[in-house]
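Protein chains: 2
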Amino acid sequence: MLDEKIKQELIDIVGSENFTDAKIDMVSYAYDAMGPKGNPDCAVWVTTAEQISEIMKLANREMIPVTPRAAGTGIAGMIVPFQGGIVMDVMRMDRILEINVEDRVCIVEPGVVYADLQKALAPLGFTLPTEPGSSIASAIGGNVATNAGGLKGAKYGSTKDYVLGMTVVLPDGRLMKTGTRTMKTSSGYNLTQLFVGSEGTLGIMTEIILKIVPLAGATATGLGLFNSLEDAGNAVCRTMSSGVIPSVMEVMGRYLIQAINENTDLKLPDVDTMLLVETDAYTQGDADMQMEKVIEIFKENNAFEVTLAKTPQERADLWAARKSTYPVSARLNNSILVEDVTVPMSQLARLFREFGKIIEKYELKVAMCAHAGDGNFHPLITFDGRDEEMVEKVEKANDELFKLAIELGGTLTGEHGIGIVKAKYMSLEHDPVAMDMMRTVKRAFDPNNILNPGKMALDNDD
Amino acid sequence: MLDEKIKQELIDIVGSENFTDAKIDMVSYAYDAMGPKGNPDCAVWVTTAEQISEIMKLANREMIPVTPRAAGTGIAGMIVPFQGGIVMDVMRMDRILEINVEDRVCIVEPGVVYADLQKALAPLGFTLPTEPGSSIASAIGGNVATNAGGLKGAKYGSTKDYVLGMTVVLPDGRLMKTGTRTMKTSSGYNLTQLFVGSEGTLGIMTEIILKIVPLAGATATGLGLFNSLEDAGNAVCRTMSSGVIPSVMEVMGRYLIQAINENTDLKLPDVDTMLLVETDAYTQGDADMQMEKVIEIFKENNAFEVTLAKTPQERADLWAARKSTYPVSARLNNSILVEDVTVPMSQLARLFREFGKIIEKYELKVAMCAHAGDGNFHPLITFDGRDEEMVEKVEKANDELFKLAIELGGTLTGEHGIGIVKAKYMSLEHDPVAMDMMRTVKRAFDPNNILNPGKMALDNDD
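Those protein sequence lines, which keep their order, are chains W and G.
When you line the first sequence up against the numbering used here, it's residues 590 to 1051, in that order.
When you line the second sequence up against the numbering used here, it's residues 590 to 1051, in that order.
A portion of the hints provided could be inaccurate.
Heads up, the list lumps identical chains together, so a pair's fine if it works in one copy or across two of them.
[Stated by the list, open to error] Below, simulated DSBU-like cross-link-like pairs (lysine-lysine); rule was C-alpha separation at most 30 Å, straight line:
hint, residue 1, residue 2
1, 800, 626
2, 992, 766
3, 594, 888
4, 744, 888
5, 888, 800
6, 1013, 800
7, 708, 954
8, 985, 766
9, 1013, 766
10, 992, 708
11, 912, 646
12, 708, 882
13, 992, 800
14, 882, 744
15, 856, 888
16, 744, 708
Honestly, the hints are just simulated from the structure, not real lab data.
Keep in mind it's a predicted model, so treat the numbers as computed, not measured.
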């Protein structure tokens, strides 16, 4: 419970219309899109860097935790306020401050929704090509805070590859600019990239400078059908090292395909594994040449059918199938766990195979999908969350998945971040010195551990 | 002068064949490829992480500065040991530890020369596309330490875009792994990028994991002739925002062209400004289509002639001209100063124009060149270094150039780094809070300020 005096100070900073401690709001702010429940004392909608600065000074003085939050679409618990305190909602900072095609940059506030930015860029012939799965809802601030990846990561990389600089409020309330709007710089430490993926633990972004790129002039879209995930995994690995880099390589497994067919009228083929692939270029000839190479590789890796989208409608249908993954999976049972381990490309088929054994062992239902082109595996484990035995099985399978990914030279998370959900696995991936240096950085920026405490295993001493 | 006991300890660590304090070696190790003179006490050739670790422990115990050094091709003074102590030469750590085409990564020691890595990658159809101007001589360790850019930055970015992870010895001697060999990760703070561009002030890399990319299947090479640098600058800006991204856009000015013609038999046209451009793609049709667009834009921006390289020899000649820039400029007088300010693309023409006024004011001879596609300007100021008045003029012009670049929204350095040469300008670009946080990071990693002290303005309090 917030002290009345502090509550009044917060209201003085943001205005009463931008403050809430109403129970119904506290329920909303207790969750992200999936994770466990927090216990916020209040929430503020900030609209300026100055307000954020004042709040951080107050929080530091009173030692109150502050949890920054954008669209709330995260699923690793990073915006869940487990230690109470203030939820700082940045979604009213939603201005696109500048789009400068000549400089190939845009500058946005953290609450700009990804899809809205894309809508503003597209008529100019430009794009921010990161395209997270949550593109309709997630905000740029959250994309940057988690270093979000997405459907086009195979060719276009992750959010970090597009963040050139930012304005950020530090935990002590000071305002700092990092980076530049130039295409490159070697001037000083790269503080910008320290904030990208830092999950709101080092500062609160108020402006973000992003590099934008021209929309591809031409694309080709194809679909490969396979009898096993493993064959598809091998096809992806061979494709990505063949000399062409498709922009999209999405794997969908049997259970997911069935779920899509049961819940939509997309009428996907009843197969074990589908692999959606897209190539792009300036010219159709180039995109088609890449696709020919992809098809050849698919066939060499046991694709029993490869079809091309010949019309925009066919392409839209393929995409609709892929985009329906989360909604249809969420219908499969009352609980769902989505992971995003990522492995070196050569280990993808093996990851599919070994994880197949794990889910068999624990008798789990898993909708398999993957941003396979960058080795990013998304198993959607669906289960009855009221069944304790089942919950325990899911947790065990999850443990084994993380261990497996690390054994294969992979990482715990390709694009969702660590948050609280993966915090206990951090030392599986990072050696004790790296853990120590992350904690050292955290202490250097936030000595009172005020900002988003308890996340990313930064408080622990293991 | 090094204490005899410490000297013996160093010899015990690296072996007497890997230690020197001979006067002739100390002269070599007092310089980089351009900057002022340092005063090393000794140098060691390290070959293992363990040796580096032992030396750092010793240096910390005895408070001796350690200056890491790779190929020594830098020109910002970052490897110059101004505070004496130990020069740590990593050039005997020159093994390519792994090239894995399936994973699209290679792992190298810091002393691997860029060109040698390229030679190993090319037969496999892959490349590290950063291509610094110093590609024949510079080493990957130095490329990473400076976040080196290069000739293909317009399309392919800088070194930072290819560094996925590393093994690094911290100033206190502890060994740490950062990052991963996966194509993406959102796991923990991005310590990797904190080291990229940190100029050997935070740790000493012993292994570097780099992303590699397929060689382009097809290229087109063209040359635009202009009556002014400003027209060429406008042509570059228009091209880069037109929807195509050429891989190369190199500007060469009149004085440079004359110098090339006087010192080679390349017989370049006697014009004010040349703009070398290259496009690439999987297919020739795509590269040609991009080039057609470029030519159209060049003509709209007053190019009075545009020619295409029709044979490999013609292409090689154009490249030979560009690659001769430094050697021929160095012949123009006994001293040369090379800068690398970088501005937003829209400001490039203005930078050319305003800098033209500066050199006119100070009556300087400047060979103009630019990696123009990413806004990176390389004026090569040639002068008589024995003429004090001239030296003063050069310094004043340099001051004005940095102020101009920052006024235009640019950065002090696009690819060479800060070192000592640009240290005094750091607070022009970075606000006091950013300067404070860079120093805070430095202190957190290196509390005794043992590692490459005095660089990047990290010691100052301004």
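Status of each hint after checking the structure:
Proximity of residue 800 and residue 626 under a CA criterion of 30 Å is satisfied in neither setting, with 36 Å inside one chain copy and 39 Å between copies. With identical chains, the CA atoms of residue 992 and residue 766 are at most 30 Å apart between copies only, with a shortest distance of 18 Å across copies and 39 Å within one. Neither within a single protomer nor between protomers do residue 594 and residue 888 lie at most 30 Å apart by alpha-carbon distance, with minima of 69 Å and 68 Å respectively. With identical chains, the CA atoms of residue 744 and residue 888 are at most 30 Å apart within one copy only, with a shortest distance of 22 Å there and 32 Å across copies.
With identical chains, the CA atoms of residue 888 and residue 800 are at most 30 Å apart between copies only, with a shortest distance of 27 Å across copies and 37 Å within one. Proximity of residue 1013 and residue 800 under a CA criterion of 30 Å is satisfied inter-copy only: 29 Å between copies versus 34 Å inside one chain copy. Proximity of residue 708 to residue 954 under the C-alpha cut-off of 30 Å is found in neither arrangement, the shortest distances being 37 Å within a copy and 48 Å between copies. Only between protomers do residue 985 and residue 766 lie at most 30 Å apart by alpha-carbon distance; the minimum there is 28 Å, versus 44 Å within a single protomer.
When the C-alpha separation of residue 1013 and residue 766 is checked against a cutoff of 30 Å, the pair qualifies only between copies, where the shortest distance is 19 Å, while the shortest distance within a copy is 33 Å. With identical chains, the CA atoms of residue 992 and residue 708 are never at most 30 Å apart, being 40 Å at best within one copy and 37 Å at best between copies. When the C-alpha separation of residue 912 and residue 646 is checked against a cutoff of 30 Å, the pair qualifies neither within a copy, at 42 Å, nor between copies, at 54 Å. When the C-alpha separation of residue 708 and residue 882 is checked against a cutoff of 30 Å, the pair qualifies only between copies, where the shortest distance is 26 Å, while the shortest distance within a copy is 32 Å.
Proximity of residue 992 and residue 800 under a CA criterion of 30 Å is satisfied inter-copy only: 24 Å between copies versus 35 Å inside one chain copy. In the homo-oligomer, the alpha carbons of residue 882 and residue 744 lie at most 30 Å apart both inside one protomer (16 Å) and across protomers (23 Å), since each shortest distance falls under that limit. Taking the shortest Cα distances, residue 856 and residue 888 sit within 30 Å of each other inside one copy (23 Å), while across copies they are farther apart (52 Å). Taking the shortest Cα distances, residue 744 and residue 708 sit within 30 Å of each other both inside one copy (21 Å) and across copies (24 Å).
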